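Going down the list, the protein sequences come from chains A and B. If you use this note's numbering, the first sequence corresponds to residues 209 to 646, in order. If you use this note's numbering, the second sequence corresponds to residues 32 to 285, in order.
Note that these hints are calculated values from the structure, not bench results. Keep in mind it's a predicted model, so treat the numbers as computed, not measured. We put the CB at the ideal spot given by N, CA and C, even for glycine. Hints may be right or wrong, so weigh each one.
As the list claims (entries may be wrong) - Restraint-style ranges between C-beta atoms, simulated for each label pair:
1. T276(A) to L101(B): 48 to 56 Å
2. A631(A) to D54(B): 49 to 57 Å
3. A168(B) to D629(A): 19 to 27 Å
4. G97(B) to R639(A): 45 to 53 Å
5. D629(A) to R158(B): 22 to 30 Å
6. G97(B) to S583(A): 50 to 58 Å
7. P124(B) to R639(A): 27 to 35 Å
8. E606(A) to G97(B): 21 to 29 Å
9. G97(B) to D562(A): 32 to 40 Å
10. R158(B) to G585(A): 36 to 44 Å
11. R639(A) to L101(B): 32 to 40 Å
12. T276(A) to E90(B): 37 to 45 Å
13. G85(B) to D273(A): 50 to 58 Å
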Amino acid sequence: MTAVAKLGPRAARRAAKLEATASRLEALTLPESGEWLRRARETALARLREIGLPDRRDEYWKFTDPATLVRTDAPAAALFEITDEAMVFDAIDRLRVVFVDGVFDPDASDELEAEGLEIVRLADAGGRDIHWAQELFGALEAEGQDPVTRPLAALNTAVATDGVLIRATARVARPVSLIYRRRDPSAELALHHVVKVEPGAELTLLENGPGAARVSTVTEMCIGDGGVLHHVRAQGRDHERRAITHLFARLGEQSVLKSFTLSANGALTRNESVVWLNGKGGSAHVAGAAMGDGAFHHDDTVFITHAAPDCESRQVFKKVLRHGAVGVFQGKILVHQAAQLTDGYQISQALLLDETSQFLAKPELEIYADDVKCSHGSTSGEIDADQLFYLRARGLPEETAKGLLVLAFLAEALDEIAREDLAEEIREKLRGWVSRHR
Amino acid sequence: MLEIKNLHVKLEEEDKAILKGVDLTVEAGKVHAIMGPNGSGKSTLAYVLSGRDGYEVTEGSIMLEGHDLLDMEPEERAAIGLFLAFQYPVEIPGVGNMTFMRTAVNALRKARGEEEMSSAEFLKAVRAKAKELKIDAEMLKRPVNVGFSGGEKKRNEILQMAMLEPKMCVLDETDSGLDVDAMRLVADGVNALRDAGRGFLVITHYQRLLDHIRPDVVHIMADGRIVKTGGPELALEVEKNGYADILAETGAAA
Ligand SMILES: Nc1ncnc2c1ncn2[C@@H]1O[C@H](COP(=O)(O)OP(=O)(O)O)[C@@H](O)[C@H]1O
Ligand SMILES: [Mg+2]
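Just chain A, same shape as in the assembly (with noise of 0.2 Å):
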């Protein structure tokens, strides 16, 4: 008998796993760093090659398949004619770092400097000493494995060819904006962002543009005590583009996140967020708003573990979804015993404009402390009928009124956004996607 033969079934998928990781891995090669960020990339892909890559009969896989994602060429994505002035936040004054393609654009971009900043591109750190940096690059997505595995995080430690080690040491009032701009329909873009929010420091981190034509994001978010980080991100309008992003945040005492999502289009997107509440008294909300037309597939999959006491958190995730476009959440708090007086709040919602769209959902609570508050729901439904001849009563045509219950449907995650003059631009994006499906 072969020693293969022995293995029992789930040790034989773990091997066949493990040789299709190790198949996929064989031709890569590592970019150029410095001392410190080479050693992290190897760590990385070690652990990758231990964890494997993903497939369909992974738990949390079973909804959304990664094949286009691990494959080793990004499928092509056709250029959505927008122009780049037309791209959200512009009209926010704002610190820009642009890439193009997933590179860098020095001409485009500010300075990378600003007062209470420290701002250092990934590709000029690897052979500098940035303590605060070196000791969270891959660190929080190696602590964000366990206990369910983000392989294509680890990933992205091991190959991301730039991205942004930015410092907060004061409040910040103008927000720091990285702009993934595209030009070539088969480029791919692998950026690795670490955010470090010291404490009573406080910063607002904005993403938007479609990137390219396969996107690989992870960003690591340290917000130290009394610290405030806030994320808006507008994720782009490109039919064909495929996205796996993931944030990684641990928060200290009193500290807050607040972090929205806009995802209008993509042919595939999985946004990742795993969110550690480890100082008392700490917020942190991750909220999102989807709307897909056709070939969509969206998903949000989320993990909240409270493990100090007396912290909140909220997740609010909606969907919009027609002509045969899918919708997953997956979602999780986790509350460690001693994280009593815990308030947990999780939500997701899908509204489906026809009968051939999909909401699958996967709200999970585990919790060991007794003295908490935590609720769930998830819901998909229709346009209600007589809501809508309220509004048609009252003359607004059809489309415009269903715009309206549209935008109505939304407007819980849009209140996550806390400045009210970047969820106004983000509900500039909705009204345009309302009246055009697009």
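Following the hints, put chain B with the ligands in place on chain A, whose structure we already have.
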């Protein structure tokens, strides 16, 4: 202005006839009242006039100033000047009352080939009307009808009516749930528009509202038909004796 002829309506989903031959004509500047027991088909008439789904017109016609309403979508009916104040105004969480009303006003203006109102113009107009109707400006900021009391919902309907300036208004039990002061405000709103040559169909259970809006004509509806038509005195008769006598005398079932 409004001409309803031999209107027969059944439910779309089941074989249940609700309106069984309604004839009614409302002239410009006139107020017609419809009274009748619960379940006689008053709200159904109002819904069919405004084009709600779920009903099938099996016979008859409805014309508004020469337009065949039955050929038109609800929004097209609104555009030519039809307005229904709902018996049960619908709550719409997430849609601001102000946004809703401005969108409605501008949709109608656009449909009529008029220039749209700017936000500032609209705000000024709506504030003035709200003040006249003693509607708290706070109510304008809230989502449509959400958390409104019964009376607030009805006043919100009248505010919309005032802003949209329709030609033909159908008020479905707008008086129920209103206190006397609120009812007077509603009546003032109606009377102001009536003077401007608008037509009204006022559905009500009670004489009370008709004390403030003197109807020109009163109809009694029972079992899907108009069984009796008269002047304001008919409402007083109903108030005093109920429907029993009238129904007995006309041979209609309740
Ligand atoms: N959508 C509906 N489905 C079922 N029955 C209905 C519907 N609309 C009206 N009806 C029935 O039609 C009759 C008339 O109702 P309605 O028009 O509401 O009367 P009114 O307003 O005079 O009280 C009632 O018997 C009611 O139950
Ligand atoms: Mg009724």
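Holds or violated: 45 to 53 Å for the Cβ distance of G97(B) and R639(A)?
37 Å, violated
Hint check for L101(B) and T276(A) - Cβ pair distance inside 48 to 56 Å:
52 Å Cβ-Cβ, so the 48 to 56 Å window holds.
Pairwise beta carbon distance, R158(B) to G585(A), judged against the given window 36 to 44 Å:
38 Å, holds
Do the Cβ positions of E606(A) and G97(B) conform to the proposed distance bound of 21 to 29 Å?
Since the Cβ atoms of E606(A) and G97(B) sit about 24 Å apart, the hinted range of 21 to 29 Å holds.
Do the Cβ positions of R639(A) and L101(B) conform to the proposed distance bound of 32 to 40 Å?
34 Å, holds
Using the beta carbons of G85(B) and D273(A), state whether their distance is inside 50 to 58 Å or not.
Because 41 Å falls outside the window, the suggested range is violated.
Is 37 to 45 Å right for how far apart the beta carbons of T276(A) and E90(B) are?
59 Å, violated
Do D629(A) and R158(B) keep their Cβ atoms within the hinted range of 22 to 30 Å?
25 Å, holds
Given the hint of 49 to 57 Å, check if A631(A) and D54(B) actually sit that far apart at their C-beta atoms.
54 Å, holds
I want to verify a distance hint. Is the separation of the beta carbons of A168(B) and D629(A) within 19 to 27 Å?
Check passed, 24 Å falls within 19 to 27 Å.
Using the beta carbons of G97(B) and S583(A), state whether their distance is inside 50 to 58 Å or not.
Since the Cβ atoms of G97(B) and S583(A) sit about 56 Å apart, the hinted range of 50 to 58 Å holds.
Cβ-Cβ distance between G97(B) and D562(A): within 32 to 40 Å?
For G97(B) and D562(A) the Cβ distance comes to about 37 Å; the hint holds.
Hint violations for this structure: numbers 4, 7, 12 and 13, all remaining hints satisfied.
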